[in-house]
Amino acid sequence: MADFKINIVADLESLKDKVSAARAAEKIRISLCMGNGCLAAGAGEVYDALKESLEKHGVATKSDLFDEGVKDNINYTHTGCQGMCQHGPLLQIDPENNSDKGITYMKVTVDDVDEIVEKTIMNGEVIERLLHKDANGVSYKNYKDIPFYQLQTFVTMKDCGRINPHDIREYIGIGGYLGLANALKSTPADVIKTMTDSGLKGRGGGGFPTGVKWNFCAKETAPKKYVVCNGDEGDPGAFMDDAIMDGSPQSILEGMRIAGFAIGADEGWIYVRAEYPHAVKSLGKAIEEAREYGLLGDNILGSGMKFDIHIKEGAGAFVCGEETALLASIEGKRGMPRPKPPFPAHSGLFGKPTIINNVETFANVPKIMLLGADVFKQNGVEGSYGTKTFSITGDIVNSGLIEVPMGTKMSDIVYKIGGGVLNNAKLKAVQVGGPSGGCVPADKADVSMDYDSVKAVGAIVGSGGLVVMSETACMVDVAKYFMTFTQSESCGKCTMCREGTKRMLEILTKICDGRGEDGDIETLEELAKAVSDGSLCALGKTAPNPVLSTLRYFRSEYEAHIYDKKCPAGKCTAFKKYHIIPDKCKGCSACARKCPVGAISGELKKPFVIDSEKCIKCGVCAATCKFGAIEF
Amino acid sequence: MSCACALDDPKGIEAYVSSLVEKHGRERHSLIPILQAVQSRFNYLPKELLLEVSKQTDIPLSNIYGVATFYAFFSLDPKGKNMIKVCNGTACHVRNNKPIIEAALKVCNIPEGAITSEDRLFSVEKVNCLGACGLAPAVVVNGKVYGHVTPDKITALINELRDKEEA
Amino acid sequence: MSGTIIINNQPVAFDKEKSLLEVITNAGIDLHTLCYNKQLAPFGACRMCIVENEKGMLMTACTTAPADGMNIKTHTPRVNRIRKMALELVLGNHPSECQTCDKSGHCRLQDAANAYGVDKIRFKKPEKDPKVDNLGPSLIRDNNKCVLCGNCVRVCEEIQGVKAINFAGRGSNSKIACAFDVPLSESTCINCGQCLAVCPTGAITPLDQTWKVKEAIADENKLVVFQFAPSVRAALTEEYGIENAPKAMAKATTALKMMGVDYVFDTNWSADLTIWEEATEFLGRVAKGERLPLFTSCCPAWIKYCEEFYPEFLNNLSTCKSPQGMLSAYVKKYLADDLNLDLGDKKIFMVSVMPCTAKKYEASRKQLVTKDGEPETDVVLTSQEIIKLFREYGFNLADLAETPMDNPLSQHTGGGVIFGVSGGVAEAVVRYAFNDGAVVEACRGTQELKEIDLDYKGIPVKVAIVNGMDNAGKLLDAIKSGEKEYTIIEVMCCRGGCIGGGGQPVPNEMAQRELRKDTIYDADYLAALKNPADNPDVKAIYERHLGEPNSHAAHEILHTSYEPRDKVTGQWSKD
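Chains A, B and C, in that order, give the protein sequences. Heads up, the first sequence is in the working numbering, so the first residue is 1 and it goes up one at a time. Heads up, the second sequence is in the working numbering, so the first residue is 1 and it goes up one at a time. Heads up, the third sequence is in the working numbering, so the first residue is 1 and it goes up one at a time.
I should point out that these hints are in silico values taken from the structure, not numbers from a laboratory. Fair warning: this is a prediction, and the values are worked out from it, not measured in the lab. Quick reminder that beta carbons are idealized off the backbone N, C-alpha and C, glycines included. Errors might be hidden in some of the hints.
As the list claims (entries may be wrong) - Below 27 Å or equal to it, Euclidean Cα-Cα: the simulated DSS-like pairs (lysine-lysine) are: (1) Lys124(C) with Lys529(A); (2) Lys107(A) with Lys144(B); (3) Lys124(C) with Lys510(A); (4) Lys617(A) with Lys144(B); (5) Lys565(A) with Lys124(C); (6) Lys27(A) with Lys16(A); (7) Lys576(A) with Lys47(B); (8) Lys98(B) with Lys510(A).
What the hints assert, rightly or not - In silico negatives: residues of chain A with every beta carbon more than 10 Å from chain B: (9) Asn136; (10) Ser139; (11) Asp235; (12) Lys285.
As the list claims (entries may be wrong) - Covered by chain A, according to a simulated footprint, are these stretches of chain C (three or more residues, beta-carbon under 8 Å): (13) 47 to 61; (14) 100 to 106.
Next comes chain A alone, as it looks inside the complex (with noise of 0.2 Å):
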């Protein structure tokens, strides 16, 4: 139950200096990372271990942020993504409210709780075998010294892994609202005003510039307008806007306030995609929370604004991250996208003024209101403004979240954050702007990571899903993949996108089939531009990125399928033939037993040998064979 109701500003920094001097005074605040990425490694268990391990210890904790009467003052809680999510589940100690002195665990189970408690909790004693280990063996023991977190610099991040997301007291305690309260001492105009100074432009992918955005909407004299939030964060391997939803969900509500004091709007609506229930049960509560605090409702910080925010989960469509298509969405439609003129601005959801934002875009909003415009500007380069959070993933050995300056090197983030490329493999490109952008040869990855160089080397910055790629890449199968993506994700409505990606499906199939043809490359780059101008959506308008971009720089790749019928790479099972080396075979019969089309035969004791008619190169005698035996 919320404490007082927040009506006038001076409550809001009134308790803000309650929290802050109640965390001050926490001995030993213990955090353990229940993103989306440490819940899969297992962090529920180990948050109810934990839990039972402290209790059988005797070791007390505070029942709530304001609960003063523990000894020893120690505080058991959870966070959102602390960003290193190939590590997890990770855990945070730290004393007396100080992050710089505190240790940092990881992959942490619920056999190492015991130690925990006893070790550094009751001790202060430090578990080598728990800290990060980089490449040469060097142990770190508080996150700041890692180099992936440090040369990060969190804006949007900054509280994710830092507070209770389930806590709107936390949230304050850090300056929450505060953004929203500048925002109300002075006008819309001046809001809009400072929005587009800040040159904060859209992070979902739009790269729109999100003040003039707001400016249209305004302008529109409508008794009712509407503020959506676009939490459909669909390209695969993007997982930003899930952590900011479920680590840090009231400053995507702030955020949203801020617009709709803007544009004058009393109603927002948060879409969110059914694959994040986490994000959608974090949000649900935050609302729940705003709404008790009276920060969501009527009369908002004593300003006469009134304000509230509903969720509307999606149903597992891609397309409807496309605004007008998420707009039909919310309206109970297929989400199939309207042609632009009229602009949501304009006419949107049920036909009223309505500006849609991306989730990071929102949650830069509060910061932008508290630190000004000018601050913001501090990171990034002209025309790319701010910070921007990046997935890494794929063949990197740091996987996980970041956030840094936009005009970071890319090469930077790939070798200094993400720790280089796995098992020390040459880089071969980064897919950058998952299936609307491109892939990055290893020989442009310095590109600075801003809108429009990205946009030069023939990718786009997009949501932000970095995919490292390594030597054992086909980039014709790459290509493949995200089209296979956006063949089954379009939404059917235009020819061009509806057909035309069906196929270039159906050539890169062929190609990685080992069918391919001469011409089928012309015609794939036909398909290609014709679908990038005649499409009606930034679906289709951006499906072909991959392919054209991949062809780009890895063309002789596509003629090695078709002409040489060879797959560069080693990827394509088409182009696999798998043999046994007579040399290393000891005919066990063990690959025989395992291939389920019986390719294999031969007498025991002796080289068995591999039927290639029959063989459907699954790779299971490889696997199977302890000697080797077995290459393709």
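Since the structure of chain A is already known, use the hints to place chains B and C on it.
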């Protein structure tokens, strides 16, 4: 889990849909939350339920069908009791999820081209990126996310589930 | 908004056009679009109307509002490439059956492919889906030929307010379907065929029953009797360039006789008969002040719509059959007697030629059967089908001689002719009730709603004339809420009236409907008699058989009944 027993009880269906309409409203924009509730309760969208939703909301049946067949989360056919969703996000694809899918389909005895086993115990589906990319390849089994999955791991998991069913 | 746009380097003035595409079309340039229809909201699916501006920006002309100062080109190499590829992709999914397709010669896809010279299709065509929806009484839906323009869905929703069909599936698995992919006949489809009217390809066509007619003509044991509706004649004048409707009918009669049809009667005659019955019924209700307002009942799509969505008004419907229904019923019961025919083993095979696909459905209604349980109307042919038959027989209608239609069921008045247009039935009722054959201007025009206040012997009579099914629905809602009140309402489901029926030749847009309307009123002008009350051949049958209007004998064959349907599935409960 699904409770199919109510499908031949028109009064029961009427009351159930009534409760949904009461909670979510009868406007057009109430449709998807209503369908999500039905999908969640029955594990698919039974025709009887959709007819009743159309009746009570006056949303044309053709529109309801159009929405139900558009979104991947809705199914008009009953799904298996145990849902195995293999993530097909980029990271999981790059970290080779193909053998995992093949192993899962095999051990669940799912016929070619189908997603549900004939005994209706298992459904295996490829799904869009779950956002657990740090733990690729990832699989969701009955709502729980598993990371760093291998064909052997998924086979063991499924066999465990089958043993539980038979017990 | 008005101004000037530079189109292909030429200045073009615009005034009231709502889209850039309209301006381009009015300037005389045909972009061969597939999904654009003037009366529907722009969709932007086919991509054929993409144009390029001076900055190299592409836009779809159908969704762009015209603005003064625009500078666009309609046929740059880049735009042409897009169109050609779009067509090649569509054709890659389309059966190569132009020679036998009913739409050949009138197909927008065929026109476009021809215009842009799409001579190669590099993509493998899929296997044809053998499942075609030809299970209903009126229409064939063949999804193999569908280009997913969405026109049918939009007209069913926006203009007709029925929403029986919608997009289903997603991406390249998309198709147009009824819920659960049932045939149209198992849905709320009212068979109006407006979807057919806006379909750019042969995906929706009238159910072709010409073979049944040819079979019947060849059958010695069948006496083939035809009736011909007024709106069909308007279509024939258009198709063959014939001067007026009566001439077209006379030439058509020659054609039918050459084909071997035994008798050719005039639906205008039975339209007059309908007025005798319906006006009498109406004035009876007015005198008693009960079961008002009265709704006309000659439109079978409207009847099904009422049974499905507004069953509370079924008691207000006139119980009169439609002119088609009345003539067929009369022929089956009394014709042999009237003509002193000894039929022996021969059976009467009743064929009606209508502008309307719903009339095929009407003929199949369980209430419209003879005492022996046989359908009163055996086959309904649409205008499209009769033209198809004439083509097969090699008739160039304009060059045929003229033959009068047969007695005793062909004499008609202008009041019967005007049934084909919106306002015609109301005007005919007024002529009968006031015993005055004068033109009633207030009833005329294709606008969606007309309201007229009359005084009938001191009793105020408020007339409403509505066309377009969704407009009728809105009117019914207004009546239910008490916002509006009428005494008699004429309902025609197709915009403009029956002249715009689903069975009419394409193009079947408002422009064509306006011209057909003029042809009908022209025929009224040419008619010798104007007031249905003056039709001697109608008077004669009352003297011979029926006694007087609304008599028991009249009710037996000229009136019908209705039954409420499930509003979700469109089915009768005991079906």
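Item checked: Reported absence of Ser139(A) from the contact zone with chain B (all CB gaps over 10 Å) -> The claim stands: Ser139(A) keeps its Cβ more than 10 Å from every Cβ of chain B (closest is about 20 Å).
Check: Can we confirm that no CB of chain B comes within 10 Å of the CB of Asn136(A)?
Finding: holds, 22 Å
Next item on the list: Could you grab the alpha-carbon distance between Lys617(A) and Lys144(B) and see if it respects the 27 Å cut-off?
Entry: Violated - the C-alpha atoms of Lys144(B) and Lys617(A) are around 32 Å apart, more than 27 Å.
Next item on the list: For the pair supplied as a hint, Lys576(A) and Lys47(B), confirm whether the alpha-carbon distance does not exceed 27 Å.
Entry: With a Cα-Cα distance of about 47 Å, the restraint between Lys576(A) and Lys47(B) is violated, given a limit of 27 Å.
Check: Is the straight-line distance between the alpha-carbon of Lys98(B) and that of Lys510(A) 27 Å or less?
Finding: holds, 19 Å
Checklist line | 10 Å Cβ clearance of Asp235(A) from chain B | finding: violated, 7 Å
Check: Is the straight-line distance between the alpha-carbon of Lys107(A) and that of Lys144(B) 27 Å or less?
Finding: Given pair Lys107(A), Lys144(B) holds - Cα atoms ~19 Å apart, limit 27 Å.
Next item on the list: Take the C-alpha atoms of Lys27(A) and Lys16(A), compute the straight-line distance between them, and say whether it is at most 27 Å.
Entry: Status holds; Cα separation ~19 Å.
Next item on the list: Confirm or reject the statement that Lys285(A) sits farther than 10 Å, beta carbon to beta carbon, from all of chain B.
Entry: Answer for Lys285(A): holds, closest chain B Cβ roughly 18 Å.
Next item on the list: Would you check the hint for Lys565(A) and Lys124(C), treating anything up to 27 Å between C-alpha atoms as holding?
Entry: Distance of about 23 Å is within 27 Å: holds.
Margin query: Is the listed coverage of the segment 47 to 61 of chain C by chain A valid when you require three or more residues with a beta carbon under 8 Å from a beta carbon of that chain?
Written below: As far as the segment 47 to 61 of chain C goes, the hint holds, because 4 residues have Cβ atoms under 8 Å from chain A.
Note to self: Would the hint linking Lys124(C) and Lys529(A) be met if the CA-CA limit is 27 Å?
What the structure shows: The hint holds at about 20 Å.
In the structure shown, a violation is registered for the earlier hints numbered 4, 7, 11, 14, in ascending order.
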